[in-house]
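**Student:** Residue strings, one per chain:
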Amino acid sequence: KAGVTQTPRYLIKTRGQQVTLSCSPISGHRSVSWYQQTPGQGLQFLFEYFSETQRNKGNFPGRFSGRQFSNSRSEMNVSTLELGDSALYLCASSLEGRGEKLFFGSGTQLSVL
Amino acid sequence: AQTVTQSQPEMSVQEAETVTLSCTYDTSESDYYLFWYKQPPSRQMILVIRQEAYKQQNATENRFSVNFQKAAKSFSLKISDSQLGDAAMYFCAYTTTGNQFYFGTGTSLTVIP
Chain F
1 KAGVTQTPRY LIKTRGQQVT LSCSPISGHR SVSWYQQTPG QGLQFLFEYF
51 SETQRNKGNF PGRFSGRQFS NSRSEMNVST LELGDSALYL CASSLEGRGE
101 KLFFGSGTQL SVL
Chain C
1001 AQTVTQSQPE MSVQEAETVT LSCTYDTSES DYYLFWYKQP PSRQMILVIR
1051 QEAYKQQNAT ENRFSVNFQK AAKSFSLKIS DSQLGDAAMY FCAYTTTGNQ
1101 FYFGTGTSLT VIP
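In order, the protein sequence lines correspond to chains F and C.
Just so you know, the numbering used here puts 68 at position 68 of the first sequence, and the rest follows in order with no gaps.
Just so you know, the numbering used here puts 1053 at position 53 of the second sequence, and the rest follows in order with no gaps.
Please keep in mind that the hints were generated in silico from the structure rather than gathered at the bench.
Here a beta-carbon is modelled for each residue, glycine too, at the ideal position from N, C-alpha and C.
Fair warning: there could be bad hints in the mix.
The calculated lysine-lysine pairs, modelled on DSBU-like cross-linking and capped at a C-alpha distance of 35 Å, are [stated by the list, open to error]:
no.	chain 1	residue 1	chain 2	residue 2
1	C	K1055	F	K101
2	F	K101	C	K1070
3	C	K1055	C	K1073
Example chain C residues on the side facing chain F (calculated, C-beta under 8 Å, incomplete) [unchecked claim]:
no.	residue
4	T1018
5	Q1044
6	L1047
7	N1062
8	R1063
9	M1089
10	T1096
11	F1101
12	F1103
13	G1106
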């Protein structure tokens, strides 16, 4: 089985722009979660989607949004980028969520200039 | 609030020796799950071991084992016969059935040949 695939691997944007990150989960996995990883704040939960519905949301501003498609693929969007949004964005999938182990992608490294 | 604390930012171990990484957590939940993940320089988070809180028996996975002390809210990871490939950042994590993961700040493990 193919693992969790995130595209692109690297992104460079400027302040004020918006960005869309993509995540393809492991086949059969219906839960997709997103995490932001920074040296200062560590790993922080953004949101989780299950069967095209946002099931859980972390403490991030509304500029961060996401969606999940019927094939479980997920996208994350950040609008009006700020310098502080520079981070590694990790996507993870699991079968149903609910305490199962997460399988992570390699991440998208976003740099905001 | 749920928190996960890793008090050792850096650890080192001689190849073939044993090392223990510490983790404590805080929760008022009775049903939860604990994990150790490793993140090598490739950035991909890899599951090391998973423990269900209701199970008293400590989880083991080959050279990796945990010491789960529920009353003390402690969840340490023991790596036996350390190998060069074990060098990575190790994260302790906690989740409930809500599937939002809380991660510690990580312990950077160096393996000395």
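**Student:** Is the hint on C:F1101 kept, meaning its closest Cβ partner in chain F is under 8 Å away?
**Tutor:** holds, 6 Å
**Student:** Under 8 Å is the threshold here; is the Cβ of C:R1063 close enough to any Cβ of chain F for the hint to stand?
**Tutor:** The hint is violated - C:R1063 has no Cβ within 8 Å of chain F, the shortest such distance being about 18 Å.
**Student:** Using the nearest Cβ pair, does C:M1089 come within less than 8 Å of chain F?
**Tutor:** violated, 10 Å
**Student:** Are C:K1055 and C:K1073 close enough, with their CA atoms no more than 35 Å apart?
**Tutor:** At roughly 14 Å apart (the allowed maximum being 35 Å), C:K1073 and C:K1055 satisfy the hint.
**Student:** Hint check: F:K101 vs C:K1070, CA-CA at most 35 Å. Holds or violated?
**Tutor:** Given pair F:K101, C:K1070 holds - Cα atoms ~20 Å apart, limit 35 Å.
**Student:** For the hint on C:L1047, does the least C-beta distance to chain F fall short of 8 Å?
**Tutor:** holds, 5 Å
**Student:** Within 35 Å, alpha carbon to alpha carbon, are C:K1055 and F:K101?
**Tutor:** Holds, at about 16 Å.
**Student:** Tell me if C:T1096 is really an interface residue toward chain F, meaning its C-beta lies closer than 8 Å to one of theirs.
**Tutor:** Holds - the Cβ of C:T1096 comes within 8 Å of chain F, reaching about 7 Å at its closest.
**Student:** Would you settle whether the hint for C:N1062 is holds or violated, based on the nearest Cβ-Cβ distance to chain F being less than 8 Å?
**Tutor:** Check failed: Cβ of C:N1062 comes no nearer than 16 Å to chain F, outside 8 Å.
**Student:** Was the hint right that C:G1106 lines chain F, CB cutoff 8 Å?
**Tutor:** At 7 Å from the nearest chain F Cβ, C:G1106 passes the 8 Å test, so the hint holds.
**Student:** Does the nearest C-beta of chain F fall within a distance shorter than 8 Å of the C-beta of C:Q1044?
**Tutor:** holds, 5 Å
**Student:** Does the closest beta carbon of chain F sit nearer than 8 Å to the beta carbon of C:T1018?
**Tutor:** Violated: closest Cβ of chain F sits about 24 Å from C:T1018, beyond 8 Å.
Checked against the numbered hints above, the structure violates hints 4, 7, 8, 9; every other hint is satisfied.
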